[in-house]
Amino acid sequence: MTVDLSFFRSETSQRLRAEGRVEGRVQTLIDAILRSLRARGIEVSQEARQRIESCRELDTLDAWFDRSLTASSITEIFDKEG
0 MTVDLSFFRS ETSQRLRAEG RVEGRVQTLI DAILRSLRAR GIEVSQEARQ RIESCRELDT
60 LDAWFDRSLT ASSITEIFDK EG
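Going by numbering that gives the first Met the number 0, 49 is the number at position 50 of the sequence shown; the sequence numbering is gapless.
Think of the hints as simulated: they come from the structure by calculation, not from any bench.
Every residue, glycine too, gets a C-beta built ideally from N, C-alpha and C.
Check before you lean on any hint, since a few could be wrong.
Across the chosen pairs, the derived CB separations fall in these ranges [as the list claims (entries may be wrong)]:
| # | residue 1 | residue 2 | range |
| --- | --- | --- | --- |
| 1 | Thr69 | Thr1 | 54 to 60 Å |
| 2 | Ser53 | Glu75 | 17 to 23 Å |
| 3 | Thr69 | Asp30 | 17 to 23 Å |
Could you build the full structure based on these sequences and the hints that come with them?
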């Protein structure tokens, strides 16, 4: 008996894997931002936490993570946008 594995090589399967990798990176960045802020003793309001957790833009999350390493307040992370 043979098993048809063509789905795993299909364009749809490749797209789904790519989306999964992006979502994994997004979640990793969200966790890293919150962990960095917590470790540095920076208070994160519920509103700020929701904003971070709902973001799905890798470039934005990358920038927020970089800023989380040196910011002295949560506002510094968001204020540099634009």
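Now for the hints, and whether the structure bears them out:
1. Distance hint check for threonine 69 and threonine 1: the Cβ-Cβ separation is about 57 Å, which falls inside the suggested range of 54 to 60 Å.
2. For the pair serine 53 and glutamate 75, the beta carbons lie near 20 Å from each other, so the given range of 17 to 23 Å is met.
3. Remark: the range hint 17 to 23 Å for threonine 69 to aspartate 30 is upheld by a beta-carbon distance near 19 Å.
Consistency note: the structure conflicts with none of the earlier hints.
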